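Sequences and hints are given; from them, build the entire structure.
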Amino acid sequence: MADYAKVYQDFRAAGAEVVAISVDPSERSAALRQDLAIPFALLSDSNRATIIEWGVLNANEKGGIAIPATFLIDRERKVRLAKVEDMMARIEPRAMLDFVRAMPKGDATVPRARGVNPALMFLRAMANGFRYGVNVKRG
Amino acid sequence: MDDARKIIVGETAPDFSLPDTTGTARRLSELTKDSLCVVLFYRGHW
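Chains A and B, in that order, give the protein sequences.
Heads up, the first sequence is in my numbering, so the first residue is 1 and it goes up one at a time.
Heads up, the second sequence is in my numbering, so the first residue is 1 and it goes up one at a time.
The reader is advised that the hints may include incorrect statements.
[Stated by the list, open to error] Lysine-lysine pairs mimicking DSS-like chemistry, simulated, CA-CA at most 30 Å apart: (1) B:6 <-> B:33; (2) A:62 <-> B:33; (3) B:6 <-> A:78; (4) A:83 <-> B:6; (5) A:62 <-> A:6; (6) A:83 <-> B:33; (7) A:78 <-> A:6; (8) A:62 <-> B:6; (9) B:33 <-> A:6; (10) A:83 <-> A:6.
[Claimed, not checked] Ranges of calculated distance between the beta carbons of each label pair, as one might list FRET restraints: (11) B:45 <-> A:83: 16 to 24 Å; (12) B:25 <-> A:5: 18 to 26 Å; (13) B:10 <-> A:96: 31 to 39 Å; (14) B:14 <-> A:105: 45 to 53 Å; (15) A:9 <-> B:15: 23 to 31 Å; (16) B:23 <-> A:37: 17 to 25 Å; (17) A:6 <-> B:34: 18 to 26 Å; (18) B:15 <-> A:25: 15 to 23 Å; (19) A:98 <-> B:11: 36 to 44 Å; (20) B:29 <-> A:100: 41 to 49 Å.
Quick caveat, the hints were computed from the structure, so don't treat them as lab data.
Computed from a predicted model, the values in this text were never measured in an experiment.
C-beta atoms are modelled at their ideal positions from N, C-alpha and C, and glycine is treated no differently.
Encoded structure:
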């Protein structure tokens with residue numbers, strides 16, 4: 001965002017506006033805007049409706065925040081460019097830690113789980129999520 | 001789990017009306033009336 005701030009006037013001169021959206025309440029955005037000297041509007045989506053509608057909700061962090069994403073919208077409100085940060089490139093350390101802790105300590109010493117183990121099923125589902133994507137599809 | 005990618009190049013972006021830091025509602029369809037609009041989403045500090 002700070003990088004867009006630096007070239008904001010160039011965007012204005014080129015006929016484009018810039019806005020940035022997060023779940024932060026307006027007061028917090030106001031402080032950030034001042035601290036970073038951001039010349040464009042910071043919009044508050046505190047109920048996450050827009051973030052969800054635009055498909056950029058990261059539900060796993062802090063009660064739901066926006067996935068960093070960049071879009072260019074034209075004068076007919078058509079999407080001209082779309083880029084959503086690829087969360088699949090990185091497994092969050094806490095999820096990795098949970099996964100590691102759930103690993104058998106060694107095949108010989110740990111008996112295979114019999115029947116349904118909800119915790120393991122959840123972790124498997126999570127692992128598949130990392131593998132195949134849950135929230136974000138690659139462009 | 002919602003797998004759909006919501007925003008697709010060439011399609012119409014969903015409109016929004018969100019308050020800026022002065023409390024003024026900013027609507028995408030207004031912003032795009034006379035200019036292009038770069039829409040950034042950022043994590044924030046929530």
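Against the structure, the hints come out as follows:
1. B:6 <-> B:33: Answer holds: residue 6 (chain B) to residue 33 (chain B) is near 23 Å, not above 30 Å.
2. A:62 <-> B:33: 35 Å, violated
3. B:6 <-> A:78: The hint holds at about 13 Å.
4. A:83 <-> B:6: 12 Å, holds
5. A:62 <-> A:6: 29 Å, holds
6. A:83 <-> B:33: Roughly 23 Å between the alpha carbons, so the hint for residue 83 (chain A) and residue 33 (chain B) holds.
7. A:78 <-> A:6: 26 Å, holds
8. A:62 <-> B:6: 22 Å, holds
9. B:33 <-> A:6: 24 Å, holds
10. A:83 <-> A:6: Distance of about 20 Å is within 30 Å: holds.
11. B:45 <-> A:83: 16 to 24 Å: 22 Å, holds
12. B:25 <-> A:5: 18 to 26 Å: 22 Å, holds
13. B:10 <-> A:96: 31 to 39 Å: 37 Å Cβ-Cβ, so the 31 to 39 Å window holds.
14. B:14 <-> A:105: 45 to 53 Å: Roughly 49 Å apart at Cβ, these two residues keep to the hinted range, so it holds.
15. A:9 <-> B:15: 23 to 31 Å: Holds: the Cβ-Cβ distance is about 27 Å, inside 23 to 31 Å.
16. B:23 <-> A:37: 17 to 25 Å: Given a distance of about 21 Å, which is inside 17 to 25 Å, the answer is holds.
17. A:6 <-> B:34: 18 to 26 Å: 24 Å, holds
18. B:15 <-> A:25: 15 to 23 Å: 22 Å, holds
19. A:98 <-> B:11: 36 to 44 Å: 37 Å, holds
20. B:29 <-> A:100: 41 to 49 Å: 48 Å, holds
Going through the hint list in order, the structure does not satisfy hint 2, though it satisfies all others.
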